[in-house]
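Number of protein chains: 2
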Amino acid sequence: MKAGIIGGTGKMGQLFVPVFTRAGYEVMVSGRSTTLTDEDLARQCDIVIVSVPIRTTVRVINRIAPLMRPGQILCDFTSLKVKPIEAMLKSAADVIGLHPMFGPTVSSLRNQTIIVCPARVDDAALQKLVAVFRAEGARCTIATPEEHDRMMAVVQGLTHFVTLCMAESIRRLGVDIGTTQEFTSPVYQIELSLIGRLLSQDPGLYADILEENPYVPEVLAACQESAADLSAIVNNHDAAGFRAFFEENSRHLGSYCQKGQRTTDDLINCMVKK
Amino acid sequence: MKAGIIGGTGKMGQLFVPVFTRAGYEVMVSGRSTTLTDEDLARQCDIVIVSVPIRTTVRVINRIAPLMRPGQILCDFTSLKVKPIEAMLKSAADVIGLHPMFGPTVSSLRNQTIIVCPARVDDAALQKLVAVFRAEGARCTIATPEEHDRMMAVVQGLTHFVTLCMAESIRRLGVDIGTTQEFTSPVYQIELSLIGRLLSQDPGLYADILEENPYVPEVLAACQESAADLSAIVNNHDAAGFRAFFEENSRHLGSYCQKGQRTTDDLINCMVKK
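So the sequences go chain by chain: A and B. Residue numbers for the first sequence follow this note's numbering, so the first one is 1 and each next one is one higher. Residue numbers for the second sequence follow this note's numbering, so the first one is 1 and each next one is one higher.
Just so you know, the hints here were simulated from the structure itself, not pulled from any lab data. Fair warning: there could be bad hints in the mix.
Put simply, identical chains are the same to the list, so a pair is met inside one copy or across any two.
Stated by the list, open to error - Derived lysine to aspartate or glutamate pairs resembling EDC-like cross-links, with alpha carbons at most 20 angstroms apart: (1) Lys273 / Asp46; (2) Lys259 / Asp176; (3) Lys128 / Glu218; (4) Lys128 / Asp46; (5) Lys83 / Glu26; (6) Lys11 / Asp266; (7) Lys90 / Asp40; (8) Lys259 / Asp202; (9) Lys11 / Asp265; (10) Lys90 / Asp266; (11) Lys128 / Asp40; (12) Lys259 / Glu182; (13) Lys273 / Glu225; (14) Lys83 / Asp176; (15) Lys128 / Glu147; (16) Lys273 / Glu136; (17) Lys83 / Glu146; (18) Lys273 / Glu39.
Computed from a prediction, not measured in an experiment: that's the story for all the values here.
Chain A extracted, bound-state conformation (with noise of 0.2 angstroms):
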């Protein structure tokens, strides 16, 4: 068995080529350093996976889609996934969608969530694929295309606007970072990470999830609006106002309460043994 990987020199397609490998596929990739083209992958592989920037998945996909015949399958490793996979589907292979909700830089795919929208395809195709990612250590969660960008409108959309915004409003204070630094509290080091973290990487990758999700505008709305409902009761000083919107999303998170306690006591204790 082939799989392929269109974009498999970047960096997330890299981080799978030893995957299926281990899984015992033969595993090609393409991209514009290659000799082996997109098409001549696409023709030859079982499984043909693209992993491109999602503004030019489409594109891609679109140009591989006519070549690829029943009984290939056909998956994107994209953000997004209603658009990819109605383009994957003018193709005749089967089609998976996939979202490995991680970046290339963690070690293994231990603990991690690959979501999986399998949108043609029979059991035993789709129970394959999913059993290499479940080899490493993965978690697949199934989900439609639909399912999958609404929650990835809060899961990234939301944590990437307030990460971001958190950002914009420490420099338009005109407050150093390295002074910050000298009054640090370990979430606030956590928090700073997170920016480091996603500022550090690809502009366009982040301006894609939050801009071509058409879900994502709903989500700003409902954060614009906490954001000025909160303001108005930290300004009025009105603590009774505090505690019922405080204890109000406590209940809402249940017993993440609790979980989310241990879980960053042991992140603290990681960052300060270092």
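Once you have looked at the hints, place chain B on chain A.
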């Protein structure tokens, strides 16, 4: 030498009892459940530390300050420094404001920050107190009360505000926390854990940190303006605007970008190994 902790039966007070014991002090504590009164403690100890909730700190200080004499040192542990120090300066004692930048669940003071605001004290007495914390591995940052409160509006105020807004947005969107776990990224997992950590603590503490710090409103205003501007960029699908916004912050963060990438890689590895 005697060190006394008012509110020393609370979690934060308890954390510091062995710290002073190891430094060779005889340690006394008073609290609502002790037979020793705050007043007796204040009369007897060379160093007196007020470790009570923010909103009661000034009241407790006002009660014990008249009992204290020159040569004694009066300190507090609260998250604000301007007002408690003003109150402490009405005593005849030397005055040092302290702010341990961590919660009582840390496993040691190693690599933790304590902000030290020497208000009226000679250098020898100051260095002697600072040595107690440094001996435990803590980093002591010397600052004026105003510098402290201004930095806390960012390090604590902005961080807590943004964390609470994220929780509130998820709740308002009607998103189930358990479901997000099936779609999680490591970064979302860390953010959710930080939300849980905050929401599992006392709302009164967070209300005080946000509502009692006079520099917080301008920080919240900067945050809301940042959110409005970034939201407009995203909703307009403005890829160039997004890139400019992103890169301006990336430049402001400078070397903390790469540092954040490394730190969060470590944190993610620490988390997935659990």
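We went through each hint and held it up to the structure:
When the C-alpha separation of lysine 273 and aspartate 46 is checked against a cutoff of 20 angstroms, the pair qualifies neither within a copy, at 47 angstroms, nor between copies, at 33 angstroms. Proximity of lysine 259 to aspartate 176 under the C-alpha cut-off of 20 angstroms is restricted to the inter-copy arrangement: shortest distance 16 angstroms between copies versus 33 angstroms within a copy. For the homomeric pair lysine 128 and glutamate 218, neither the shortest alpha-carbon distance inside one copy (37 angstroms) nor that between copies (55 angstroms) is at most 20 angstroms. Taking identical chains as interchangeable, the C-alpha atoms of lysine 128 and aspartate 46 lie at most 20 angstroms apart only when both belong to the same chain, with a minimum of 12 angstroms there against 72 angstroms between chains.
Taking the shortest Cα distances, lysine 83 and glutamate 26 never come within 20 angstroms of each other, neither inside one copy (29 angstroms) nor across copies (69 angstroms). Taking identical chains as interchangeable, the C-alpha atoms of lysine 11 and aspartate 266 lie at most 20 angstroms apart only when they sit on different chains, with a minimum of 19 angstroms there against 29 angstroms within one chain. With identical chains, the CA atoms of lysine 90 and aspartate 40 are at most 20 angstroms apart within one copy only, with a shortest distance of 19 angstroms there and 83 angstroms across copies. Taking the shortest Cα distances, lysine 259 and aspartate 202 sit within 20 angstroms of each other only across copies (16 angstroms), while inside one copy they are farther apart (32 angstroms).
Proximity of lysine 11 to aspartate 265 under the C-alpha cut-off of 20 angstroms is restricted to the inter-copy arrangement: shortest distance 15 angstroms between copies versus 31 angstroms within a copy. Taking the closest pair of Cα atoms, lysine 90 and aspartate 266 never come within 20 angstroms of each other, the shortest separation being 48 angstroms inside a single copy and 42 angstroms across copies. For the homomeric pair lysine 128 and aspartate 40, neither the shortest alpha-carbon distance inside one copy (24 angstroms) nor that between copies (74 angstroms) is at most 20 angstroms. When the C-alpha separation of lysine 259 and glutamate 182 is checked against a cutoff of 20 angstroms, the pair qualifies only between copies, where the shortest distance is 16 angstroms, while the shortest distance within a copy is 29 angstroms.
Taking the closest pair of Cα atoms, lysine 273 and glutamate 225 never come within 20 angstroms of each other, the shortest separation being 39 angstroms inside a single copy and 37 angstroms across copies. For the homomeric pair lysine 83 and aspartate 176, neither the shortest alpha-carbon distance inside one copy (41 angstroms) nor that between copies (25 angstroms) is at most 20 angstroms. When the C-alpha separation of lysine 128 and glutamate 147 is checked against a cutoff of 20 angstroms, the pair qualifies neither within a copy, at 23 angstroms, nor between copies, at 60 angstroms. Taking CA atoms no more than 20 angstroms apart as the test, lysine 273 paired with glutamate 136 passes between copies only; the shortest distance there is 13 angstroms, against 29 angstroms inside one copy.
In the homo-oligomer, the alpha carbons of lysine 83 and glutamate 146 lie at most 20 angstroms apart inside one protomer (10 angstroms), although the nearest pairing across protomers, at 53 angstroms, exceeds that limit. In the homo-oligomer, the alpha carbons of lysine 273 and glutamate 39 never lie at most 20 angstroms apart, since the shortest distance is 50 angstroms inside one protomer and 40 angstroms across protomers.
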